[in-house]
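> From just these sequences and the hints, can you work out the full model?
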Amino acid sequence: MSDIKELFADEVVTKAIVRDVELPYGAGTMALITLDNGFDHTKPSTFGPGGLTSLNEAVDAVAGRTDLAAVGVVGKPFIFAVGADLKGAALVSEREQALAIGKLGHDVFRRLGELPVPSFAFVNGAAMGGGLEVALHCTYRTISSGVPAVALPECFLGLVPGWGGTQLLPRLIGPESALKLIIENPLAQNRMIKGRDAFKLGIADAMFEGADFLEESLRWAAQVLRGEVTVSRTDHTAADWSKTVADARFLLDMKLRGANPAPYRALELVELARTASRDEGFDAEDQALADLLMGDELRAGLYSFDLVQRRAKRPAGAPDKSLARKVTKVGVVGAGLMASQMALLFARRLEVPVVLTDLDQARLDKGVAYVHAEVDKLLGKGRVSGDQANRLKALVTGSLTKDAFADADFVIEAVFEDMKVKQKVFAEVEAVVSETCVLATNTSSLSLTEMGSELKHPERLVGFHFFNPVAVMPLLEIIRGHATDDATLATAFAVGRSLKKSSVLVKDAPAFVVNRLLTRFMGEVITAVDEGTPLEVADHALDGLGLPMTPFALLQLVGPAVGLHVSETLHAAFPDRFGVSQNMAELVAAGKPGVYAPDFSLDPEAVAIFSGGTSPSTAEQVRERTLRALEQEIRIMLEEGVVAAAQDIDLCMILGAGWPFHLGGITPYLDRAGIARPRFLEPGVASVPA
Amino acid sequence: MPSSRDVVFVDGVRTPFGKSGPKGLYAETRADDLVIRVIRELIRRNPNLPPERVDEVAIAATTQIGDQGLTIGRSAAVLAGLPKSVPGYAIDRMCAGAMTAVTSVAGGIAFGAYDVAIAGGVEHMGRHPMGEGVDPNPRFVAEQIVDGSALVMGMTAENLHDRYPTITKDRADAFALASQEKVAKAYADGRIQPDLVPVAVRSAEKGWGLATADEAPRPGTTLEGLGTLKTPFRPHGRITAGNASGINDGATGCIVAAADVARELGLAPKMRLVSYAFAGVDPEVMGVGPIPSTERALRLAGLSIDDIGLFEINEAFAVQVLAFLEHFGIADDDTRVNPYGGAIAFGHPLASSGVRLMTQLAREFGERPEVRYGITTMCVGMGMGGTVIWENLAWEGAK
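Protein chains in written order, with our numbering: chain A, 1 to 690; chain B, 1 to 399.
Don't take every hint at face value.
[Said to hold, decoys possible] Derived pair list, reagent style DSS-like, types lysine-lysine, alpha-carbon separation capped at 25 Å:
| hint | chain 1 | residue 1 | chain 2 | residue 2 |
| --- | --- | --- | --- | --- |
| 1 | A | 87 | A | 15 |
| 2 | A | 15 | B | 185 |
| 3 | A | 381 | A | 200 |
| 4 | A | 402 | A | 456 |
| 5 | A | 381 | B | 84 |
| 6 | A | 377 | A | 366 |
| 7 | B | 84 | A | 43 |
| 8 | A | 15 | B | 206 |
| 9 | B | 84 | A | 194 |
The set of hints was computed from the structure by calculation and includes no laboratory data.
Predicted model, so just to flag it, every value in this text is computed and none were measured.
In structure tokens form, the structure reads like this:
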């Protein structure tokens with residue numbers, strides 16, 4: 001164990017502090033254990049070897065006492081405990097160490113459920129992962145209705161809730177609800193549930209309000225001990241779990257197609273929980289934890305988590321925040337769907353006036369009406385109050401002329417993707433706005449430098465590339481042109497942050513990051529089809545990666561016309577690497593929404609358009625050429641300085657394309673699949689250290 | 001609007017009182033959280049009272065800054081989860097803060113402006129030492145408007161000994177010892193615990209705990225021990241830490257209602273408000289304040305001191321209780337006076353104490369149906385006294 005303690009040398013130790021509490025109604029003395037890492041709620045309590053040892057010592061101190069009626073566990077204010085300390089986990093290099101972490105957690109936590117007196121967990125705040133498992137080991141649980149987050153997020157990262165979670169939770173609340181927490185939520189953008197939901201699911205036996213949660217919990221505990229309150233539990237092991245497990249496996253296969261081992265291991269463990277003894281179940285968890293800790297998928301998951309948690313918040317290359325100018329009014333050129341979506345987002349997040357302009361009154365009215373209708377939807381869902389809805393609606397207006405931009409600080413265009421059109425728009429905008437007003441373009445592929453070439457002040461032009469749907473996708477590619485100055489860039493990053501987007505600084509290069517890589521990726525798959533590979537073979541060749549959708553499904557989502565347009569732009573820039581498929585052009589000409597019919601079967605007419613190739617590839621060949629193409633393109637992008645580092649490529653693919661954590665975006669996967677030579681990342685980064 | 005209606009005291013609770021300071025029970029607990037706990041317990045103990053029927057929340061604090069600021073009656077009401085439609089305010093008459101909160105809402109009820117109100121007080125003297133942030137007008141001293149000792153409560157108590165030469169330090173110590181003994185007995189008899197609200201207390205070092213009893217009482221106190229204590233306010237003086245209340249943290253609260261509304265809601269009131277009065281005296285002998293305020297309250301009620309069967313007098317200092325008793329010709333050890341003991345043992349978190357007196361009187365009334373009238377009274381800094389006369393609703397004569 002001293003071995004694993006060394007790995008966690010930087011551990012912020014969560015101390016388990018024991019204090020006696022006299023329970024109401026003469027119910028006796030409770031030894032109340034407070035879990036507290038000595039920081040406020042912004043640094044939640046976690047468990048590394050030091051924290052586990054402290055809890056073990058606390059249990060030692062109470063286990064020998066004969067004067068106790070009960071043992072309780074509670075967290076520091078606003079936090080119960082949020083699970084394992086993951087910083088040390090990334091340093092584990094041997095299976096024995098991995099196994100030791102799992103065993104230590106079990107050895108300590110299980111004692112809470114095996115004391116001679118009942119144990120009570122008082123879940124006063126966020127309870128995640130190992131934190132929730134501490135509570136599950138206790139005999140009884142209360143939860144505060146104010147708890148913002150209850151979750152077992154292990155599968156999100158590439159682990160399983162392996163300190164008892166997979167064995168205790170299904171028995172407590174049944175396999176279906178347990179799988180929701182253990183697998184479904186983590187794989188749905190790591191969704192968390194609130195205290196009230198946790199109580200409804202049966203995770204807690206009683207719920208009390210935050211204002212006097214601990215007092216009322218202690219009162220309840222006293223009543224339980226005195227037999228005045230009885231807690232009823234369902235024996236879920238009597239039921240047949242096979243259908244629930246099979247359904248879950250089916251959904252997993254749909255989503256992951258076998259990629260990412262963690263959810264599958266979690267499912268096996270849940271299945272085991274119905275019949276396994278505590279020892280067997282906990283032992284199986286130890287083995288699963290050790291296997292996963294020694295796998296690169298988890299390391300990629302931890303790497304990805306760090307990217308979205310840390311790197312996304314401090315974008316590489318962003319200028320000093322203090323240079324940012326205040327934005328008190330926003331102009332949006334255009335009133336189409338994209339422009340309206342942006343207007344809504346700006347109004348909601350910046351809470352400043354937003355003016356849409358268009359030459360056509362009808363389009364303008366439609367754009368403003370769209371925003372108002374969306375606000376009404378938010379109101380209907382209770383996401384905004386009536387007053388807020390009035391405020392948001394009043395913020396968004398339309399104007400037929402650009403005079404309305406005179407006092408705007410930030411004007412973004414969302415007009416037709418054509419250089420001449422955009423140049424003309426910006427010339428008109430520049431004629432009315434102040435000298436410091438930032439001009440932003442939502443172009444997905446045009447050169448920023450060329451776009452600004454005719455401006456009087458090209459230093460104020462910046463690229464601000466949203467992903468569709470604007471309100472949902474978290475990535476913003478911020479593009480710096482040759483002339484863009486630091487104040488403009490800083491303002492763009494500040495606006496991005498206010499919009500709650502994660503911004504990545506990208507050089508002015510064709511199609512920036514996400515579209516360039518997706519186009520290269522799809523280009524290889526389409527070329528393989530053009531050459532004669534059956535559509536279904538090519539489209540499923542990369543299933544093993546567990547991407548959110550197949551290449552042709554993505555094409556369908558984007559629309560073949562848009563896909564074709566981007567491929568033409570990239571072909572013009574890099575004719576050697578980006579082709580334009582004649583079959584794609586025909587598909588667009590035929591007005592097809594894609595190769596799939598509405599029922600997801602292949603559209604025979606689309607199949608006909610793509611037929612005629614004479615040198616088919618195998619799925620493996622398609623996979624390999626596609627990955628090699630990605631590797632080559634990323635290498636070139638890094639050489640060109642499109643982004644600061646491979647980490648930014650990965651961040652873009654995770655946030656902009658939804659590429660999964662277990663691939664680490666993409667470069668960790670290319671490294672571990674042996675495609676990248678040399679590696680993009682040092683050994684040990686997003687991989688098991690040698 | 002009716003011009004006057006009967007006002008009743010329905011129920012009162014308080015937090016255990018802690019000793020102020022870094023090692024005290026509430027060293028790391030906010031003052032407003034103590035108030036919130038009290039409000040929630042009042043609502044919980046009186047399920048017949050729909051929270052939206054509370055028309056006012058009046059909370060007193062002497063130092064109204066920080067966690068005792070922000071119009072604490074309103075902010076505590078919101079944080080306690082009362083409907084946002086329930087208003088609240090902050091009130092201050094130093095030691096008589098909670099008492100004034102009660103009389104103020106009672107006046108509003110009698111006038112018909114409210115049906116039901118919550119009134120109480122808080123003082124976290126650890127977080128807000130007496131005199132924090134005060135800026136006395138220099139004219140007080142320059143123009144000799146008050147004596148220089150007027151703002152130091154211990155000195156005013158020494159001055160009171162001067163005014164009543166027959167009240168010796170020995171008498172004060174004997175009274176203090178009796179207070180400790182009465183509190184110990186009241187605890188042993190379970191008279192205090194039913195009206196205490198347990199408070200979860202957190203210490204970064206010791207973790208979470210639960211405050212279930214007053215921290216200040218010293219059950220083992222002896223006369224000899226009291227005799228050895230220092231007299232910090234005067235060399236060879238009479239006031240010691242043993243015959244005065246301490247520096248404390250705590251909160252109190254009660255439900256006050258119109259008698260007819262209490263009936264309508266099915267509440268169980270314990271006392272009827274008979275009369276109340278406040279009076280001013282020389283600030284340098286503020287401890288005599290209860291004498292004129294009580295005389296005035298008796299006159300308003302048409303009662304004499306002989307009609308009073310129970311006295312709850314705040315023991316800011318033993319001398320101040322003894323001065324009151326001497327004035328009205330009551331013996332030092334009269335069993336009608338502070339039967340459960342007083343602030344010398346319980347502690348005196350300034351603005352909260354008034355409702356502690358009422359809560360104890362209400363419980364004593366319940367046990368003493370032969371008593372019809374009782375008094376709650378206290379002295380107040382800057383030379384004041386406050387008195388409230390109550391009628392026992394459990395009085396057997398009414399049946």
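> Given the hint that residue 84 of chain B pairs with residue 194 of chain A, does the C-alpha gap stay at or below 25 Å?
Judged against 25 Å, a Cα distance of about 24 Å means the pair holds.
> Could you grab the alpha-carbon distance between residue 377 of chain A and residue 366 of chain A and see if it respects the 25 Å cut-off?
holds (16 Å)
> Would the pair residue 402 of chain A and residue 456 of chain A pass a check requiring their Cα atoms to be no farther apart than 25 Å?
Answer holds: residue 402 of chain A to residue 456 of chain A is near 17 Å, not above 25 Å.
> Next pair to validate is residue 84 of chain B with residue 43 of chain A; report whether the Cα-Cα distance is within 25 Å.
Given pair residue 84 of chain B, residue 43 of chain A is violated - Cα atoms ~32 Å apart, limit 25 Å.
> Taking 25 Å as the top limit, are the C-alpha atoms of residue 15 of chain A and residue 185 of chain B close enough?
violated (40 Å)
> Going straight from one Cα to the other, do residue 381 of chain A and residue 200 of chain A come out at no more than 25 Å?
holds (21 Å)
> Check whether the Cα positions of residue 15 of chain A and residue 206 of chain B lie no farther apart than 25 Å.
holds (11 Å)
> Could you grab the alpha-carbon distance between residue 381 of chain A and residue 84 of chain B and see if it respects the 25 Å cut-off?
Given pair residue 381 of chain A, residue 84 of chain B holds - Cα atoms ~22 Å apart, limit 25 Å.
> Checking one constraint from the list: CA of residue 87 of chain A to CA of residue 15 of chain A, max 25 Å. Satisfied?
Holds, at roughly 18 Å.
Consistency note: the structure conflicts with the earlier hints numbered 2, 7.
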